[in-house]
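There are 2 protein chains.
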Amino acid sequence: MKNLLQDIAPVTLMGPGPSCVHPSVLAALSKPTLGHLDPEFIRIMDAIKTQLKTLLHTENDLTIPISGTGSAGMECCFVNLIEKDDPVLILVNGVFGMRMQDVATRLGAQVETLEFEWGTPVIVDVVQKKLKEKSYKLVAVVHAETSTGVQNPVPGIGNLLKDSDTLFLVDAVTSFGGMEIRMDDWGIDMLYSGTQKCLSCPPGLSPVSFSPAAVAAIQARKTKVPNWYLDLSLIMNYWEGATRAYHHTAPINMLYGLFQALFLILEEGETQVFERHMENHRRLVQALDQMGIHMVVDASCRLPMLNAVYIPDGVDDAAVRSRLLKTHKIEIGAGLGNFAGKIWRIGLMGHTARAENVDKLAASLKTVC
Amino acid sequence: MKNLLQDIAPVTLMGPGPSCVHPSVLAALSKPTLGHLDPEFIRIMDAIKTQLKTLLHTENDLTIPISGTGSAGMECCFVNLIEKDDPVLILVNGVFGMRMQDVATRLGAQVETLEFEWGTPVIVDVVQKKLKEKSYKLVAVVHAETSTGVQNPVPGIGNLLKDSDTLFLVDAVTSFGGMEIRMDDWGIDMLYSGTQKCLSCPPGLSPVSFSPAAVAAIQARKTKVPNWYLDLSLIMNYWEGATRAYHHTAPINMLYGLFQALFLILEEGETQVFERHMENHRRLVQALDQMGIHMVVDASCRLPMLNAVYIPDGVDDAAVRSRLLKTHKIEIGAGLGNFAGKIWRIGLMGHTARAENVDKLAASLKTVC
Chain A
1 MKNLLQDIAP VTLMGPGPSC VHPSVLAALS KPTLGHLDPE FIRIMDAIKT
51 QLKTLLHTEN DLTIPISGTG SAGMECCFVN LIEKDDPVLI LVNGVFGMRM
101 QDVATRLGAQ VETLEFEWGT PVIVDVVQKK LKEKSYKLVA VVHAETSTGV
151 QNPVPGIGNL LKDSDTLFLV DAVTSFGGME IRMDDWGIDM LYSGTQKCLS
201 CPPGLSPVSF SPAAVAAIQA RKTKVPNWYL DLSLIMNYWE GATRAYHHTA
251 PINMLYGLFQ ALFLILEEGE TQVFERHMEN HRRLVQALDQ MGIHMVVDAS
301 CRLPMLNAVY IPDGVDDAAV RSRLLKTHKI EIGAGLGNFA GKIWRIGLMG
351 HTARAENVDK LAASLKTVC
Chain B
1 MKNLLQDIAP VTLMGPGPSC VHPSVLAALS KPTLGHLDPE FIRIMDAIKT
51 QLKTLLHTEN DLTIPISGTG SAGMECCFVN LIEKDDPVLI LVNGVFGMRM
101 QDVATRLGAQ VETLEFEWGT PVIVDVVQKK LKEKSYKLVA VVHAETSTGV
151 QNPVPGIGNL LKDSDTLFLV DAVTSFGGME IRMDDWGIDM LYSGTQKCLS
201 CPPGLSPVSF SPAAVAAIQA RKTKVPNWYL DLSLIMNYWE GATRAYHHTA
251 PINMLYGLFQ ALFLILEEGE TQVFERHMEN HRRLVQALDQ MGIHMVVDAS
301 CRLPMLNAVY IPDGVDDAAV RSRLLKTHKI EIGAGLGNFA GKIWRIGLMG
351 HTARAENVDK LAASLKTVC
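Taken in order, these protein sequences are the chains called A and B.
Position 13, counted from 1, in the first sequence is what the working numbering calls 13; the numbers after and before it change by one each time, with no gaps.
Position 93, counted from 1, in the second sequence is what the working numbering calls 93; the numbers after and before it change by one each time, with no gaps.
Rather than coming from a laboratory, the hints here were simulated on the basis of the structure.
Keep in mind that the hints are not guaranteed to be accurate.
Just so you know, same-sequence chains aren't split out, so a pair can sit in one copy or run between any two.
Listed next, the in silico DSS-like pairs over lysine-lysine satisfying Cα-Cα at most 30 Å (straight line) [to be verified]:
no. : residue 1 : residue 2
1   : K329      : K2
2   : K2        : K49
3   : K49       : K329
4   : K53       : K342
5   : K366      : K137
Given these sequences and hints, build the entire structure.
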């Protein structure tokens, strides 16, 4: 019987996530499994909450990792907040805005969208106009659109909602850990992220955070959350308080990995981490420019960690990505949705965002394009 | 800044899960992360499907691990099958039957239950009588009730449903990997399990399997599954077929762990694994008997992997468990629900089911009781 795990060789992960994982995070995953109610493990849970609060710049007590990937975090935010026919506004300029629309619609919300051209950001003035016409229970936007490489103006949108009863939901899957997020200052009420992007931890967990206003809205629900697994009123009893009530068995070893990933970011320093992302982004843009490969997104709203580039004319998309992976052990991402076959997505997320990776990719691209 | 992970010391996990994890499974978790669409990774996904099908004795194509813990598997089975007002019968004789009832009710099903005394099994004749009165879309039962240590008569219930249109859903969270499951022979249509019990992999994944009849029922839905994250019609496109469509990013390193855990069971041999569970169960019962500690469940329907025992008179439940953990580095489980404070739950699951662990627990219990 052959053990396929023996064949796994390291790949430089320069796609839209997962990103390269630091050896100490991989080592953390293989620490001995503790019980999910062991006081030693609960200390680690509490520490993770503190780490997340620090990095999200929030005082929200309800700041925890959900036991699923980033999309479970999206599901969790919507399913806890939405009841049938709740009016919801979703700002859409890529695949992940569309996914929000799908999730909220399935839950019975009255979903409206404001759509913006792919590769361009949400325009705050247009949102403002829409909000003057109608009031919504929640407004949702993706901070870093992983499908296009665009940064949306989260603080500006937050400003529009600050003195209203409307809750503000932000997808921070790709931004968290790679660029500034100030949850409380920016008026964000609900936020979800993933571990496999700029936190550079393998996929499997979704950090979420809920403001007191969001928690009050959950507590004011008329109906039970139609999702037992993601019901925050139950999950809170496991993650908070002096005595912890069993809900589901937490993914213990994955949480070790997340602790270590957050530890590394705090040790390096947030500012330094963000600067490292920007520096390597600039290094990449320059290298690609010299090769005649052009960025999709205007410099004013480009993401440092997700670089969308046009596939050069006459180049075979799939063949180049396959050669990069097989010959050079580098993974870059394909286009999604409208951008499939037209762009590549080059990730510089977390531990991937290093000069040696940028240089290796540039050199390799030259040989395969 | 202190790194809490340095403090983690191994614990012999003899509670209701997580169980002790084999060193090679822990090592598998820390293999380099691959991309979720990397052909090498897809080979591992395909191998996991084959391993699961082999161990569940099923030909079901839709046999995959869900990206969440066992309770996510429960949620997945119900949310994909149930539409509003579907009649559902749940057989309840412990916490996990009650959880099924809660999950199904939240999803709008017309839920009826048949309740049996905690610590005793579901009675097939009573179920048969109920099924003659009314027809249900699905009947659900827990194979191994983790809250009481009872084995329910799954083959007998399956027999009642074989020539009907009623789907048969089985919770195999605690049984899978520790006792026989023959999904196809027993007429099971939907099954979910968890990784942290007899598979001895850390928590975080939930193997599920769906029969062709269950898949047809999903395809015949009138409404979309109200849970994007767990919608099997979308998940299937990632786990099946020649080209794999991105849905959510799979928990890659956890899947390495699951592959290795299943590999170990297949290498040892199913029969040998089940015998090892029975042998160590008998060894434990004998040792406890000598100490005057009595089993909750009659020998005819006891689980080998989850031993519910009455807390001896005058013994302080929490204090003893705490001393076992602190002084002897052994974890056993408390009672849940009706049994809280009355019983202990001693797990002999997967890699925990070894004579040295039984002997260590017996010796330690003598010093702390």
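For each hint, the structure was consulted:
{"no.": "1", "hint": "K329 to K2", "verdict": "within (23 Å within a copy, 35 Å between copies)"}
{"no.": "2", "hint": "K2 to K49", "verdict": "between (41 Å within a copy, 15 Å between copies)"}
{"no.": "3", "hint": "K49 to K329", "verdict": "between (35 Å within a copy, 26 Å between copies)"}
{"no.": "4", "hint": "K53 to K342", "verdict": "neither (38 Å within a copy, 39 Å between copies)"}
{"no.": "5", "hint": "K366 to K137", "verdict": "neither (50 Å within a copy, 59 Å between copies)"}
In the structure shown, a violation is registered for the earlier hints numbered 4 and 5, in ascending order.
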